[in-house]
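Colleague: Go ahead and model the full structure; you've got the sequences and the hints to work with.
As you go down the protein sequences, you meet chains F, E, V and Y in turn. Each position in the first sequence, counted from 1, maps to that position plus 81 in the numbering used here. Each position in the second sequence, counted from 1, maps to that position plus 160 in the numbering used here. Each position in the third sequence, counted from 1, maps to that position plus 1 in the numbering used here. Each position in the fourth sequence, counted from 1, maps to that position plus 131 in the numbering used here.
Hints were generated in silico from the structure; no laboratory data involved. This structure is a prediction, so every number in the text was calculated from the model and none was measured. Incorrect hints may appear among the rest.
[Said to hold, decoys possible] Simulated crosslink set (DSS-like; lysine-lysine; CA at most 27 Å straight-line):
(1) V:Lys62 to E:Lys473
(2) E:Lys426 to V:Lys62
(3) E:Lys425 to V:Lys121
[As the list claims (entries may be wrong)] Going by beta-carbon spacing under 8 Å, a handful of chain E positions derived as facing chain V:
(4) Gly369
(5) Gly384
(6) Gly410
Glycine is no exception: its CB is placed at the ideal position from the N, C-alpha and C atoms.
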Amino acid sequence: MTHMETRHHQPGELLHVDSLEKSFGGIRALQGLTFGVPAGAIKAVIGPNGAGKTTLFNLVTGILLPTRGTISLNGKTITGRRPQMIARLGVSRTFQNVLIFGRMTVLENVMVGRHMRSRASLLSAGLRLPWMRREEQEIRARATERLDFVGLADRAKERAGNLPLGEQKLLEVARALATEPKILLLDEPAGGLNTRETERLAELIRRIRGQGITVVLVEHDMNLVMDVSDDIVVISFGQKIAEGKPREIKKHPAVIEAYLGEEGGYANAEGRRA
Amino acid sequence: MRRFGKGWRGAATLTFCLVLVWSVVPRLAAAKEPYKVGVVFAVTGGASILGEPEKRTAEMLAEEINKKGGIDGHKLELVLYDDESDETKCVLAVKKLIKTDKVPVIIGPSVSGNTLAVVSECNEAKVPLISCAAAIKIVTPVEDRKWIFKVAPSDSHSVERIYEFLLKKGIKKVAIMTVSDGYGASGREELLRLAPQMGIELLADERYGPKDTDLTAQLTRIRGTGAQALVNWSVGPTQVLAVKNWKDLGMTSMTFVQSHGFASKKNIELAGGAAEGVFCPLGRVNIPELVPANHPQKQVIMAYNEAYQGRFKEPLSAFGGHAWDSLKLAVEALGAVGPDPAKIRDYLENRKNFVGQGGVFNFSPTDHCGLSKNDFEMVVVKNGTWALAQ
Amino acid sequence: MEKLSLGGQLVQYLFTGVTVGSVYGMVALGFNIIYNVTEMINFAQGEFVMLGGLMMVVCAKFLPLPMAFVLTVAIVTAVGVLMERFTINPLKNASVLTLIIVTIAVSILLKGIAMFIWGKDPYVMQPFSGTKPIHLFGAAVQTQILWVLGISAVVVVLLTLFFRKTRYGKAMLACADNLEAARLVGIKVKFMVLLSFALSAAIGAAAGAVITPISLMEYDRGALLGLKGFGAAVLGGLGSFYGAVAAGLILGIVESLCAGLISSGYKDAVGLLVLLLVLFVRPSGLFGSVEASKIKKF
Amino acid sequence: MNRQDTGIFLGVVVLLTAFPVAVSQVEAISHYLDVMIFVGIFSLITMGLSLLMGYAGQVSLGHAAFFGLGAYTSGILCVKLAVSPWLAMVSGALFTGAVAYAVGVPSLKLKGHYLAMATLGFGVIVTIVLNEEVEFTGGPSGLSDVPRLEILGVPIRGELEFYILVWSMVLLVLVFCLNVIHSRIGRALRSIHDSEVAADAMGVETARYKVMVFVLSAVLASLAGSLYAHYVRFLSPGSFDLLLSIKLVMMVVVGGMHSLWGALLGTWLLTFLGNEWLHVFKDFDILVYGAILLFVVMALPEGLVSVGPRLSHMWKRGRESEG
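Modeller: Right, here's the structure in full:
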């Protein structure tokens with residue numbers, strides 16, 4: 082097994098998914114999806130609604146188990162690992178429907194991101210042993226850095242639940258970064274952002290990559306995608322229909338077809354949401 | 161200005177008079193300090209079947225006594241708390257009676273569990289407690305129970321009575337069925353303990369919860385053992401349920417004996433005819449009309465029955481009787497030695513043939529219950545009422 | 002007296018189990034109806050049963066049985082409706098735990114009120130059709146048992162029809178399926194909540210009315226029945242109606258068999274133990290779907 | 132413990148020290164000291180419950196059972212085997228912790244009502260066992276004459292001593308819990324409550340922490356049980372039944388689940404209402420009790436502690452509107 086997928090695994094690829102398949106009851110959300118993410122790249126995954134983009138993220142982060150196929154990180158297969166394990170291996174993410182810890186302060190949210198990088202036990206925490214305090218200081222410091230990095234430092238003391246959507250999305254990024262990931266999965270980070278915010282986001286994504294973190298981006302905002310990504314995978318109905326550099330994708334017939342088809346679908350989706 | 165002064169003087173006089181009246185009147189009313197008696201009953205909650213009549217009886221009796229001018233001039237004051245059949249509440253109530261209300265003697269609680277929960281409290285505070293609960297543990301070992309008395313007959317008394325009766329009927333194979341609460345458990349202990357001593361063979365030992373809706377399973381099992389007689393030990397709805405199911409299953413050929421907890425005509429009504437032929441040991445208080453006129457208890461029992469039923473329009477249970485006995489003892493002691501806990505204790509310990517509702521009590525330094533199995537009569541349900549069992 | 006053959010005993014246990022079980026089942030149905038619409042457990046469900054029983058005793062005094070039955074159900078249903086109006090309805094987006102505590106508080110109130118109306122003594126009632134038991138396979142069966150079984154069967158049938166055929170029934174099922182979606186397609190969820198309380202109160206009342214001649218009834222009987230019903234509802238899988246009935250029967254039979262064959266003292270414990278083991282193996286009960294329980298709030 | 136907590140903490144300490152002095156002055160309430168002791172005992176449990184329900188978001192309707200296990204272990208060891216009370220208390224805590232672990236691992240996989248039912252079922256089973264195992268527990272007629280706690284061979288007799296003992300324990304536990312809340316552990320717990328999925332993705336071992344806090348709360352309940360055993364000195368299954376489990380949950384919810392202070396406040400209020408203040412209503416107290424619960428929960432779904440912030444919020448609003 083391991084051999085088989087290492088054969089597929091190209092050198093220099095950080096993440097590799099191989100003939101990945103997931104079906105819910107009858108519906109097959111993903112069917113035989115295969116692609117790789119080179120270390121240090123920004124790779125975008127695009128496609129019409131319900132193409133299976135979020136499912137892909139849930140499979141990679143171990144929230145869902147694939148029906149078939151393998152996922153490997155640095156050539157080591159991680160399929161079937163528990164989410165915490167995968168997180169510890171350096172995969173972190175944000176969520177399409179923002180999942181912040183609403184009752185905690187902004188800073189505390191990011192501090193949770195430091196959880197697996199710290200080790201104080203129940204006892205030492207309860208007794209507030211000196212070394213635990215030092216660790217706590219360190220956690221706080223690192224978390225504040227991350228907040229600074231995404232530009233939320235001034236919000237640190239606010240109740241996360243009270244932030245506007247845009248800032249909640251940034252908070253999620255900060256929280257994810259706090260785990261010191263090798264690879265960061267961003268699920269529609271630009272959703273509900275205005276143009277200015279989106280521009281800042283693009284710049285942020287570049288800076289993240291600048292820190293040597295590989296980024297996988299699921300996004301509907303084509304301008305953003307074309308702007309930041311080195312490399313794009315297009316999936317439709319759970320299958321890869323194209324892969325390549327932005328400019329190739331722009332004029333790829335299958336993609337255009339899919340997206341024209343999608344307009345209507347998109348409208349319906351909106352209708353259903355309203 | 162003058163008007164104001166006038167008004168002021170008026171007000172002053174008025175206040176003065178009021179103060180005078182307020183301060184003098186009560187003293188005129190009660191010439192002597194009232195005597196307090198602490199009372200803790202399970203008026204509500206699981207054991208309210210016991211606590212309710214106890215409370216009513218105690219209040220009725222207290223009224224009577226005060227109408228007759230109290231305890232030689234001292235008004236009798238009941239300080240009554242409801243422990244809601246809950247131990248924590250009971251402990252708190254007793255602590256309050258001792259500390260805050262400073263009562264010289266306490267009567268109650270209604271059930272064994274709550275009593276045992278406060279025994280050590282009273283012992284250490286050196287305040288005599290006259291319990292209305294049955295468990296023998298309440299008054300034994302007597303050296304650890306110096307300050308504790310009880311007026312409810314011990315389960316051993318009624319068990320002995322029952323076994324005697326069965327043996328007289330030539331029955332040796334017996335099945336027992338007990339409810340899994342304090343009452344049932346202490347009954348079960350005695351039933352199991354005394355059976356071998358008295359030569360009774362127990363074929364079944366079934367149990368059920370106090371809120372069970374159906375006992376046919378237990379009865380069916382007992383039926384399977386071929387026992388000649390069935391002894392059921394519970395209070396509340398299950399004892400009626402047992403009778404109904406026993407009848408429905410057509411087990412009437414098996415002698416059915418209830419515990420003394422069955423002692424209320426209400427249970428016969430509830431069983432709706434099914435109770436015909438059921439035996440049970442009763443204190444004489446429940447069967448006043450069956451007690452021979454020459455019996456020492458006859459008078460007190462008749463008086464209490466008439467008073468209680470006349471007032472509350474409900475048949476009385478043995479439990480009200482316990483309240484009557486405990487309060488009467490307390491009052492008697494107060495009258496004899498005044499509100500001094502230690503003196504009261506000594507008085508109670510040496511009280512001989514006190515004629516009460518539960519029987520004729522003979523307390524002694526070795527026996528803080530003072531009743532015997534002879535204070536029970538075996539009776540049978542005949543045409544919807546009690547009749548002495550031959 | 003004549004011994005009863007083991008076979009006869011077994012039959013007896015089964016009858017007992019089925020009787021008690023079908024009552025658990027009915028209570029469980031009540032839990033489910035409300036759960037489906039509101040995703041909350043109504044801990045006052047047992048009190049509906051208690052009220053049903055005591056009301057029936059009263060009504061039967063001056064009315065012929067059928068009318069007494071109808072009146073009882075009507076009155077208790079009214080209680081259910083009032084409860085929803087005054088305690089559940091006013092709550093805006095309260096946490097489910099809050100809702101639970103509210104229903105517990107209501108059950109305390111109902112219990113207290115019942116105590117003042119009926120006092121603390123238990124009440125009896127003559128069986129609907131005579132006290133003379135019939136004999137089946139050597140087991141003596143109270144006629145009332147047949148009534149209990151009959152009524153619960155009728156309840157199940159009526160419910161099925163209600164949910165399959167009527168507009169409201171379908172609407173409620175829609176709520177059960179997906180509250181949001183239901184709201185979106187224009188179902189008045191608020192009204193459905195009210196309806197669910199009315200329904201489960203009615204069922205509770207019916208259960209109480211038929212069981213009272215067997216079990217007697219007093220003001221504080223509700224809690225235990227509620228507990229058993231909850232157990233059955235969970236065992237069957239919250240929200241599953243057939244699951245509820247089946248689980249109720251299973252629980253009842255396990256209890257009576259245990260009481261008869263193993264230890265009467267431990268019968269409740271064994272019932273619960275079975276429940277726990279099932280939950281550990283199937284975290285959403287026997288007939289509940291795991292996926293469904295995932296999307297539920299609580 | 133942050134600055135605000137420290138402030139409140141000191142305030143509470145002052146009140147607690149003032150209390151015995153105050154009641155000793157006023158004849159009519161001298162027994163309040165006893166009530167306060169029970170408040171303390173229950174607080175130990177409700178603080179744990181608050182961690183479990185308010186912070187980790189896991190319901191338990193079975194904590195009276197852990198309370199009972201602690202009490203009975205102490206009781207049985209002291210009465211039947213004459214073990215020293217403190218040793219018994221510790222072994223009670225260990226035993227209860229073990230049981231909690233065994234129950235918690237499978238149960239905490241369950242969600243919402245299923246978890247509630249599982250814990251409830253466990254609680255009832257324990258009560259039944261306490262009822263049935265007569266030779267150990269004394270069954271329904273109970274286990275009497277539990278010895279007093281001793282410090283260096285001096286038995287703790289008076290209420291005041293016990294009051295001091297119980298409440299100093301409560302305060303220690305309180306500090307411990309507050310520290311936990313403001314540590315990575317506490318943040319992990321709260322994250323589980325807000326979004327288990329996100330917590331998972333951040334590498335929080337959710338399952339492990341749920342069990343951890345469940346066991347912690349059970350151990351606290353067990354300590355409370357041992358104290359209860361040595362204070363009341365009589366144990367019977369009735370005092371550890373489902374009703375108590377529900378009351379405990381109510382204390383936490385009424386006070387405000389999302390705050391340890393809420394747990395303390397709720398415990399204090401409901402204990403005094405139930406055991407003391409409602410007596411004036413005689414038989415009606417059950418109604419009043421229910422009504423009060425209903426009112427608090429409906430008017431203040433966030434619990435009594437939410438009153439303070441609300442008021443200050445309104446006040447701020449007012450000032451803003453003026454300015």
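Colleague: Work down the list of hints and note, for each, if the structure agrees.
Modeller: Each hint, compared with the structure:
1. Distance restraint check for Lys62 (chain V) and Lys473 (chain E): the Cα-Cα separation of roughly 20 Å lies within the 27 Å cut-off, and the hinted pair is therefore satisfied.
2. For the hint linking Lys426 (chain E) to Lys62 (chain V), the alpha-carbon distance of about 18 Å falls within 27 Å, and the restraint holds.
3. Restraint check for Lys425 (chain E) and Lys121 (chain V): satisfied, since their Cα atoms lie roughly 16 Å apart, inside the 27 Å limit.
4. At a threshold of 8 Å, the smallest CB-CB gap from Gly369 (chain E) to chain V is about 6 Å, leaving the interface hint in force.
5. With its C-beta approaching chain V no nearer than about 5 Å, Gly384 (chain E) sits inside the 8 Å limit, and its interface hint holds.
6. About 5 Å separates the beta-carbon of Gly410 (chain E) from the nearest beta-carbon of chain V, less than 8 Å, and the hint is met.
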